[in-house]
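**Student:** These protein sequence lines are chains E and A, in that order. Just so we're aligned, residue 9 is where the first sequence starts under the numbering used here, counting upward by one. Just so we're aligned, residue 9 is where the second sequence starts under the numbering used here, counting upward by one.
Treat the hints as calculated values from the structure; they're not laboratory data. Where hints are given, some of them may not hold.
To be verified - Heads up, incomplete: computed chain A residues facing chain E, CB under 8 Å, no partners named:
#, residue
1, L271
2, R496
3, W594
Stated by the list, open to error - Derived lysine to any residue pairs resembling SDA-like cross-links, with alpha carbons at most 25 Å apart:
#, chain 1, residue 1, chain 2, residue 2
4, E, K188, E, K469
5, A, K139, E, Y130
6, E, K469, A, R503
7, E, K273, A, D138
8, E, K139, A, V128
9, E, K139, A, P272
10, E, K139, A, I133
11, E, K432, A, D138
We treat Cβ as the ideally placed atom computed from N, Cα and C, and that holds for glycine.
Residues per chain are reported as follows:
There are 2 protein chains.
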Amino acid sequence: MDINTRLIRAREEMAKRNLDAFIVLTSDPHGSEYTADHWKFREYLSGFNGSAGTLLVMQQYVGLWTDSRYYIQAEKQLRGTPIELFREGQPGVPDYVSYITYILPSGSRVGVDGRTISQVEYQRISEILDKYNIRLEIHHVDFIDNVFYQRPPMPTDELTEVNPIVACTTRREKIDIVRKMMNEKKVSHYIISALDDIAWLINLRGSDVEYNPVFYAYMVISPEEEHLYIDPHKLSRVVSNRLAEDGIKMSLYDHFINNLRNLPKESTVYYDPTKVSALAVAQLPNSVVRVEGRSLVGEIKSHKTEAEIANIRSVHIRDGVAMVQLLNWIEKEVASGNRITELDIAEKQRLLRMAQPRSMCESFAPIVAVDANAALVHYSPSIETNTALTSDSILLIDSGGHYADGTTDITRTIALGEISAEFKRAYTYVLKSHIALASAVFPKGAYGIQLDAVARQPMWKAGLNFGHGTGHGVGYCLNVHETPYGIRSSFTDSRFDEGILVSDEPGVYIEGKFGIRIENLIFSQPMPETPFGKFIKFETITLCPIDTRPIDVDLLTEEERLWLNDYHKTVYARLAPKLNGDDLDWLQNATREI
Amino acid sequence: MDINTRLIRAREEMAKRNLDAFIVLTSDPHGSEYTADHWKFREYLSGFNGSAGTLLVMQQYVGLWTDSRYYIQAEKQLRGTPIELFREGQPGVPDYVSYITYILPSGSRVGVDGRTISQVEYQRISEILDKYNIRLEIHHVDFIDNVFYQRPPMPTDELTEVNPIVACTTRREKIDIVRKMMNEKKVSHYIISALDDIAWLINLRGSDVEYNPVFYAYMVISPEEEHLYIDPHKLSRVVSNRLAEDGIKMSLYDHFINNLRNLPKESTVYYDPTKVSALAVAQLPNSVVRVEGRSLVGEIKSHKTEAEIANIRSVHIRDGVAMVQLLNWIEKEVASGNRITELDIAEKQRLLRMAQPRSMCESFAPIVAVDANAALVHYSPSIETNTALTSDSILLIDSGGHYADGTTDITRTIALGEISAEFKRAYTYVLKSHIALASAVFPKGAYGIQLDAVARQPMWKAGLNFGHGTGHGVGYCLNVHETPYGIRSSFTDSRFDEGILVSDEPGVYIEGKFGIRIENLIFSQPMPETPFGKFIKFETITLCPIDTRPIDVDLLTEEERLWLNDYHKTVYARLAPKLNGDDLDWLQNATREI
């Protein structure tokens, strides 16, 4: 069925409901970054399969909004369809909500699937459209089903229990911590819908979506019980019994929405409006008190325990070993004149990681990008774009793995041959910014935007900058992008604390030439308290040499040079015992003092 | 009449109106930092005359909320009254709005003078109280008049016109710029109530409040006219004629509120809800479209023109000369064994500034603080606290002047005798933070909170910090604290641009020992554009040596040392031609390379 036919069916459904427009978002009912195929309705209806984008269907007109990462891909995939591409962020391009207000007259009705829109986004858009007397309506269930021909079913794969030694804390202990927070907030009920929150809380892992070891489920914690809404096919008898033993009540996934309607009238219900769907919130009886706030589980889980961080440190030795083996292999291949491509390197890396104890899978689609390909920040090699290394290439590798006892995310940029002055300067400033964050000290409670500025200051002084965040939270054998902690140039209300694992990944991208990014994971640690309060610093967790060949040592301060030498000393000390042969020689050479 | 009697009268007025509580704020109807005596009702009712504080009067109970700057003063001034002191910011101390929700039952009625509360604050408090079914009502005119015995009248002092050469831009030109912005925002009317906005826009200056050369007035710009609401006694015939020639319509100050009710029904009215009173907004006909946003005049006036900044640079030569004369005088007096006190120094400084061409008055109450006095951030010397210098004192001087062609604000900390290791370390880190901001580079559009983090990073690394902002906007022969630009640890939505004049004033305060602050004014300037966008740096405007004796040079980076030497070279070059005798010798010595 071609895109035109699919759009016709969508318009028929719209006409039945008297809708002048329908908004098709990218997420699932849990606010996930990666979704199961069942929820890929925007892709079905437009043919565009980027990870971000919004389709706006009207009777005479369709538009797709996406950001700069996907301009080229969207152009290509929309060719031959009636869908117009709106390049978000380009000057003069309205966002889709403004566009609706420009094009639809007062009194119009706009639909959206209430499951795929978070409560906070629903409120934001409704408020804007209200001003123009345009109504935003939640339409669900039948709409997508009626249009989505041969819609893939929800995944039914079985879950695995996290090994108790790895979990560090039992599900009962975790639930008790959550209940304590609920008591402090004086709420009777707590709706949990973020998939990684649920996986972490009840120590289960799944494979319902790519890269994130999570599974589709909801939880509601009430005064009497913890209620898990899940497809029972996902639970083996053993797991099901264990959950029951731990006092967890189980119901069908599909009963979640209906059961919300039956919450006791005098309940006080807590939920995170960025994670819970507008449809779920709309089910709550009018009489219940709604308390919106950040995910309580998210708050607890982003603070890694001593036991968790000990495992994470150990994972990074294994991951570092695989990285050293990879980087040594690449250099040997290039030196031998063998032709290797981006895809070869990605596959080699996957195999090296898989050979490490307790490794499970990749934590995201790896970026292996040669020269100009690396200037596209979210490039992933494909058969069409696959490029071979040359002896003068600059290579950027951004990859990570899930291990049973932790998740990794690392980027290295290496120069294989002669180094241009332009690359050298940019590389050195990326390193300076990386070190600025890694060695930052800040008061407990500092905002991510403050740390972001500290990281970027060296680069700004050289007139350089980059268009992505400097750091994101990282899960514990869970999502490689974990909310709420982040280090970005935009303000968010999460205040840094000790025990937070984030990435440190400044970059510089020169279109048509190269891309540079240096990424380690860093972990926030308390410093001795002073009369001026509690201060926090970072410990670098990732263990892998940073290429020193492209560094312009004259541009480094003495402190920066010492930081790098110190880091390399640690890398050598931790990895050397696990390496031998020419891998060990390579490590020794790569960690030499500068 | 004692405080008890005053409170009884206030309670009688509350009873007449069936109010369970009355909130007495500190501001005037224009959101001013300094107010005329006419508006000092909180001081009248409580006896507490600090610049910040809120009084909550109930039938059985009165509380005063103020911040750490005023704990000691408030304790003293409230002694013998029935008023309880609430120390804002202390753990466990509720703010006054929460306190109302704790103590008053559902259905209660709370009053506030609608002129002394901004629209944004009124909305914030109403929303909180609404949740507890407590009503916030705007009570005005009679309430304060009936209670405030011998209330001082509104000031009637005559205004002066700003010299056209100093003004740089005529009032008609300024109004045309505002009208252009109004057109872009598609608004028909614009209400201006911030006093410095009006003074700047129509090139007049007054003396209605201390330190800020402003006057009480409102303006409304409508499609047909610019309407100035002002007491006609303030306008000489000449000024009145000039305004009329420029097409400005004048009405009585007191007619402003009534005239708002008569705005055309289909108007679109723009106002800054942080500057316009809730009473004013409440007058607007229901049918008009309200557009809230930041002051348009504030936006224009905070961007200093080339001509303005040229004048400001010239003012800083004169101010620097007065500073050098002062610092030399202090050292000579101490060396001669003469007893000089904080008040002596403040008076000497005032006289030296007044002796400079085009000087007008001080731009705020000067802080001259010896040793432990300087640890109180907002200390001002008084007869009771006045302290004499000793040959080992540390002295902090924070002062500024209004000149016909610009406003200054400078802080220097000087060590007169032996220097302790503790002071030396803290002083050097304050200097490092000062330099970090002065030499910062950042993309156009960066937030103040980002610059604040860049400034504090060196200090944080040493476990030091301070509890005030790092920088505030400074007016052009106007308020020394000018909104909206600021450099603070809290997020505000003003994005830095070129042409902004702010202070750079990090500090460190050790209770019972000393206080350190180093403050210059800095001016944001564009850098050559790079492929990564537009970047901005600062030019230091203030010209006065920074005491080098307490610097631990080993703690400075090479860049920091060079910055300081470079700054002192500039200071010498600009000030030396205006100095002679031992002042010149002192300057030469004070600006020697380190």
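**Student:** Give a verdict on every hint.
**Tutor:** Now for the hints, and whether the structure bears them out:
The closest approach between the C-beta of A:L271 and any C-beta of chain E is roughly 20 Å, which is over the 8 Å cut-off, so the hint fails. The interface hint given for A:R496 is violated, since its Cβ lies 11 Å from the closest Cβ of chain E, which is over the 8 Å cut-off. With its C-beta approaching chain E no nearer than about 34 Å, A:W594 sits outside the 8 Å limit, and its interface hint is violated. Straight-line distance between C-alpha atoms of E:K188 and E:K469 comes to about 47 Å, which puts the hinted pair past the 25 Å bound.
Of the pairs offered as hints, the one joining A:K139 and E:Y130 holds, with about 22 Å between alpha carbons and a cut-off of 25 Å not exceeded. In summary, the hint linking E:K469 to A:R503 is supported, as the alpha carbons are separated by about 18 Å, within the 25 Å threshold. The suggested pairing of E:K273 with A:D138 holds, with an alpha-carbon distance near 21 Å, which does not exceed 25 Å. This hinted pair checks out: E:K139 and A:V128 have alpha carbons roughly 20 Å apart, not beyond 25 Å.
Restraint check for E:K139 and A:P272: the C-alpha separation of about 21 Å stays at or below 25 Å, so the hint holds. For a cut-off of 25 Å, the pair hint linking E:K139 to A:I133 stands: about 24 Å separates their Cα positions. Between E:K432 and A:D138 the alpha-carbon distance is near 60 Å, which puts this suggested pair outside the 25 Å criterion.
Consistency with the previously given hints fails for numbers 1, 2, 3, 4, 11, ordered from lowest to highest.
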